[in-house]
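**Q** Next come the chains, spelled out residue by residue.
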Amino acid sequence: MRLTVWDPFRELDAFNKTVNSLFFNPLRRTRPAYPPVEMLDKGDALVITAEVPGVNKEEVELTVLGETLTIAGEKKLPTEEEVTYIRHERPNGQFRRLIDLPYSVDPGKVIASYKDGILTITLPKAEEAKPRKITVGE
Amino acid sequence: MTAEVNEEKKEEIETIEDVKQDLRQIVPPVDIYETTDEVVLIADVPGLNKDSVELNIDKDELTIKGTFPKPDSEGEKLISECPYGEYFRTFVLADTISKDKISAQMENGVLTLTLPKQERVKPKKIEIKPE
Numbered sequence: 001m002r003l004t005v006w007d008p009f010r011e012l013d014a015f016n017k018t019v020n021s022l023f024f025n026p027l028r029r030t031r032p033a034y035p036p037v038e039m040l041d042k043g044d045a046l047v048i049t050a051e052v053p054g055v056n057k058e059e060v061e062l063t064v065l066g067e068t069l070t071i072a073g074e075k076k077l078p079t080e081e082e083v084t085y086i087r088h089e090r091p092n093g094q095f096r097r098l099i100d101l102p103y104s105v106d107p108g109k110v111i112a113s114y115k116d117g118i119l120t121i122t123l124p125k126a127e128e129a130k131p132r133k134i135t136v137g138e
Numbered sequence: 001m002t003a004e005v006n007e008e009k010k011e012e013i014e015t016i017e018d019v020k021q022d023l024r025q026i027v028p029p030v031d032i033y034e035t036t037d038e039v040v041l042i043a044d045v046p047g048l049n050k051d052s053v054e055l056n057i058d059k060d061e062l063t064i065k066g067t068f069p070k071p072d073s074e075g076e077k078l079i080s081e082c083p084y085g086e087y088f089r090t091f092v093l094a095d096t097i098s099k100d101k102i103s104a105q106m107e108n109g110v111l112t113l114t115l116p117k118q119e120r121v122k123p124k125k126i127e128i129k130p131e
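If you're matching them up, the sequences are chains A and B in order. Per my numbering, residue 1 is the first one in the first sequence, and the count goes up by one each step. Per my numbering, residue 1 is the first one in the second sequence, and the count goes up by one each step.
Read the hints as simulated data drawn from the structure, not as lab findings. Glycine included, every Cβ here is placed at the ideal spot set by N, Cα and C. It is possible that part of the hints are untrue.
No more than 25 Å apart at the CA atoms, straight line, and that leaves these computed lysine-lysine pairs for PhoX-like [said to hold, decoys possible]:
1. A:Lys115 <-> B:Lys50
2. B:Lys70 <-> A:Lys42
3. B:Lys77 <-> A:Lys17
4. B:Lys65 <-> A:Lys17
5. A:Lys130 <-> B:Lys77
6. A:Lys57 <-> A:Lys109
7. A:Lys57 <-> B:Lys50
8. B:Lys77 <-> A:Lys109
Under 7 Å between C-beta atoms, here's a sample of chain B residues computed to sit facing chain A [claimed, not checked]:
9. Ile42
10. Gly47
11. Lys77
Generate coordinates for the entire structure from the input sequences, incorporating the hints supplied.
**A** Right, dumping it as structure tokens:
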């Protein structure tokens with residue numbers, strides 16, 4: 001089995017991005033953090049999605065401590081047998097990522113779900129982090 | 001330190017915004033390994049399920065396609081590292097593969113393709129007759 005000769009136009013976008021990142025982001029880590037995430041602030045809650053394909057949901061460990069969320073787990077090799085790899089591009093091994101949250105969340109109300117390799121975590125804003133109206137007394 | 005990291009992230013988001021496109025091509029990473037009987041191809045396609053992944057075999061070309069579901073974007077985006085877009089990757093199958101016996105499986109955003117080898121290329125044990 002061999003790979004196709006790539007149509008250069010298809011790759012232009014990715015290539016462009018790589019070149020751009022070299023110029024505009026010299027401090028960029030050479031190896032991006034795993035897993036890649038999306039974080040959305042909904043005002044009253046944070047929604048974080050992480051791409052962790054091929055990981056069993058029982059093996060994902062999520063912890064909230066203060067204003068940090070930790071996603072940890074292990075991505076196993078596709079087979080335990082000794083095989084000859086022709087291509088080995090998928091990441092494997094243990095991972096741990098710490099994500100700084102913009103405000104404190106209520107650890108008791110965090111909901112996490114896993115579907116099609118995507119982990120979705122909803123972290124509601126802690127009561128003390130919500131803005132409070134203060135009426136000025138006489 | 002935190003401020004620095006945030007600054008870096010912001011910059012990253014901006015560069016992504018700059019090259020904004022309706023659909024981005026995502027080349028899924030693959031593992032391919034060979035055993036004596038088959039070739040196994042494993043691709044990471046998070047966000048796809050067995051109904052949204054498209055597999056095509058045209059002559060000796062195998063194509064994996066699929067559209068990453070458009071994420072919910074209501075709210076302020078603080079980190080954006082998972083581009084949505086279209087998965088696309090093509091492989092040329094060796095002529096030693098029995099194309100009609102290829103099977104596929106999808107689980108947890110991982111596509112596993114089993115490509116059995118043709119009988120003629122499988123190693124055969126030759127027994128030595130006793131004298």
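**Q** Compare the structure with each hint and give your call.
**A** Hint check:
1. A:Lys115 <-> B:Lys50: Holds. Lys115 (chain A) to Lys50 (chain B) sits at ~12 Å (cutoff 25 Å).
2. B:Lys70 <-> A:Lys42: holds, 17 Å
3. B:Lys77 <-> A:Lys17: holds, 20 Å
4. B:Lys65 <-> A:Lys17: holds, 21 Å
5. A:Lys130 <-> B:Lys77: Answer holds: Lys130 (chain A) to Lys77 (chain B) is near 19 Å, not above 25 Å.
6. A:Lys57 <-> A:Lys109: Roughly 19 Å between the alpha carbons, so the hint for Lys57 (chain A) and Lys109 (chain A) holds.
7. A:Lys57 <-> B:Lys50: holds, 19 Å
8. B:Lys77 <-> A:Lys109: The hint holds at about 21 Å.
9. Ile42: holds, 5 Å
10. Gly47: holds, 6 Å
11. Lys77: holds, 6 Å
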